[in-house]
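Engineer: Single-letter residue listing:
Protein chains: 2
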Amino acid sequence: MSVERILDPRLRDRVVSAEQAAAFIQPGETVAMSGFTGSGYPKAVPLALAQRIEDVHAAGQPFQIKLMTGASTAPELDGALAKVDAIAMRMPFQTDPDARKRINEGKLDYIDIHLSHVAQHVWFGFYGDIDTAVIEVSAIREDGSLVPSTSVGNNKTWLDLAKKVIIEVNEWQPADIEGMHDIYYGTALPPHRKPIPLIHANDRIGQTTLNVDPDKIVAVVRTNGPDRNSPFKPIDEDSRQIAGYLIEFLKHEVAKGRLPANLLPLQSGVGNIPNAVLAGLAESGLRGLTSFTEVIQDGMLDLLKSGVLDYASCTGFALSPEANEEFKRNIKFYRERIIMRTQEISNHPELVRRLGCIGMNGMIEVDLYGNVNSTHVMGSRIMNGIGGSGDFTRNGFLSTFLSPSTAKGGSISAIVPMVSHVDHTEHDVSIIVTEQGLADLRGLPPRARARQVIDNCAHPDYRDQLNDYFDRACRDSYGKHTPHLLPEALSWHQRYIDTGTMKA
Amino acid sequence: MSVERILDPRLRDRVVSAEQAAAFIQPGETVAMSGFTGSGYPKAVPLALAQRIEDVHAAGQPFQIKLMTGASTAPELDGALAKVDAIAMRMPFQTDPDARKRINEGKLDYIDIHLSHVAQHVWFGFYGDIDTAVIEVSAIREDGSLVPSTSVGNNKTWLDLAKKVIIEVNEWQPADIEGMHDIYYGTALPPHRKPIPLIHANDRIGQTTLNVDPDKIVAVVRTNGPDRNSPFKPIDEDSRQIAGYLIEFLKHEVAKGRLPANLLPLQSGVGNIPNAVLAGLAESGLRGLTSFTEVIQDGMLDLLKSGVLDYASCTGFALSPEANEEFKRNIKFYRERIIMRTQEISNHPELVRRLGCIGMNGMIEVDLYGNVNSTHVMGSRIMNGIGGSGDFTRNGFLSTFLSPSTAKGGSISAIVPMVSHVDHTEHDVSIIVTEQGLADLRGLPPRARARQVIDNCAHPDYRDQLNDYFDRACRDSYGKHTPHLLPEALSWHQRYIDTGTMKA
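Those protein sequence lines, which keep their order, are chains H and A.
Start counting at 1 in the first sequence, then tack on 1, and there's your number in this note's numbering.
Start counting at 1 in the second sequence, then tack on 1, and there's your number in this note's numbering.
Treat identical chains as interchangeable: a pair holds within one or across any two.
With a straight-line Cα cutoff of 20 Å, these simulated EDC-like cross-link-like pairs (lysine to aspartate or glutamate) come out: (1) K102 / D86; (2) K252 / E284; (3) K108 / D477; (4) K102 / D477; (5) K257 / D130; (6) K504 / D472; (7) K108 / D472; (8) K504 / D469.
It is worth saying that the hints were derived from the structure and are not from the lab.
Excised from the complex, chain H in its bound form (with noise of 0.2 Å):
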């Protein structure tokens, strides 16, 4: 393998094995890595390090560490070490089946927080030092400065903040990627903090590397291994309805006036129904568009490549494998139309509410009054986490929320009486969108929200439960503003525990 990704020669001298790098990380560290939503996590040394824990493990040793990332990773990183029960702790999202089925077994502590809020809580000293860091780039340059590779996430903070840093260089990221991140080094703790000088989703405010401190660096690992490149299913029905009717609400508000023409910046979750919205956008004759958001899965590479959309920013990708051969072929093309920045200004609360980001988030349930649950089942298990969600939610112009009307072949309503976990409040709440319809909750006090919920967006199987506890919760209630009737608020989550299904 060559080394010509390694510029700077002191960093040359420092290439090791993955197994080499892992060796310095300690028992009972914390260890900020890269990683974005499975793309930009290093690739090799956590498996070396999953590796060597397990060694010490059998041996009848300790060896847990405490792991914070941008986001989601990989099997190789969060499936890894959670298999050979190596995290104390995770911060701030995941979505690995290993590492969620120990969650909810209380034997993993994970702490679901704000994406927008980790870079500055590890600052504020929240979360104690950051022992080790450990990068993937894209190449490191003459002078030391680090090009990164496909999500930016925390890096920069991870960088600035850990004791000692390992860089693996992947060479199978595409070397043109260099030119394509904006690096914002102008953030401060308060009382020093100033605004934040970007105006327009595709505004260039930084610079296109990475800071470190050279010293830090004990060890480059040179890599050569694809990101995770999930496939995406085929567009299925439900998802063909929830994104025409989500479409066609956009295109009246733009008809009302309330939106531009070219909408405003669009941000949308990873998944099957965003993708679907996506899909729907490129046929919906709307041009012009923009998006800032946190990551950009296939759809946003069609739109951008069919010229619906202008251009997008974002923190990392999640790509099928088909989508990253396009991406890295014509990465020339996408370079001219994709800004990669940091995390916190991703998502950053005061960029969303400048811009007036449209956030197209998916759910787990919504209750009557519009709270909704992004993060746990039948509200005591994790399914993934709120990542940026509530940044835009609660900042955007607008809110909505994309949802089949039931999961589990029917079994679960995404429509309940009361949500077993409340991620978004009816304070944040503008829209919800189900393959039966879409709810405006907007301007309307809690009971009228309720008739939208259930008329335009319950599945007609659960429409007369809802009905009957909607209609004896308002005649029933302590108080009328909210009804509800207590013992039976949470009664179909249990149902479903008890029974397999929240059908009465």
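Based on these hints, arrange chain A on the given structure of chain H.
Structural biologist: Okay, now just chain A, sitting in the frame of chain H:
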């Protein structure tokens, strides 16, 4: 009564009685009035309107309006109109007993939203047109510009958007209040928004008066009446202890280097406990404090007078009669140290995050995992509303919630297994303080938060009951990430409804 406060000759000609002014308001109108926490609300027209509506109702005719303000007002506005069933919809905040009663009977629709969202959501068109604005000012200048009185709230937005405007000129307000206000006209709708150029809580970024198109002014009414001026209760032992724990914590954070020696700009909710905290700060030894808050109450004036607080930014006042006399007597002193802003600025997420405010707000209840209910008694009855607490909780440096550990003589625990309504999620709440102690939830996973809240904050009468629930939930919950027993999670609230106490 002299007209020396009305210097624009065009508007002197429009001086009419309150009854004549109220006659401009038609049934079904959306009426936007001034007023924020009992300061700066119109004193005469709402009373005249209430009388007119009562007469119309007595004649068997319908007459209701939709009513928007800055925040809560006073008996002469919310109370008078609620009593005669004049309000069909109320937004965004109220604290009036007559309005509350009707809301909880299901007779008055109330929309309870973040105070930072109000102006922009009306600008976005989410609430339709504003027919009439009724705004109290302290004077009208020669050029027709308006000198605000003791609150600014949403007055700029109401004056800009209303089709017709009624001005009340209140000579009870000190003439020397002129110059205290800072009205920022730089806001815009996306995609035209720019950074707000405020870096310190005492920066001036606007003008001292409100603009209005004089052609829209249909009536000017002269008044001479006091703001609400509710007295505060003497500081009780619980409040003193809560204040003590919070201040001890803040000094600890200074000692640890996580806060500057003069802290960061303080936001303080309204009430007896926040007032006790302010009194505690006076004796804390801390100096050079600053405030970026919604409301200035008695304790804040004391801190300014004693020099502990350098300056304060607000959008309204909540003063006792004595404090109001002090304020009027020494208006020239306070005018140099207090800046009054529109509530879109006082509560703006961009600014709250940039300044790193320390939020201090009351609550109704908190649960084991740090979810806070600020609005609903037993899940369905509105108390007041979320007000600006969410703006500061989500975006500030620290969010603290303060409450006695019990209410109603011990029959209600403020620490419950699951809150009956969520206004501030587990992702947003940092610090809980009761007279029992302080729970620091920063950087903790859910079960560790539960231990902190039970051990440090719960009343001893409820601690065993909470431990029993938590222990069984940790054993039997469907998931162990956020353990809950759904059939019991809200049983404390139902027990209170059924038996008058949460005690088992």
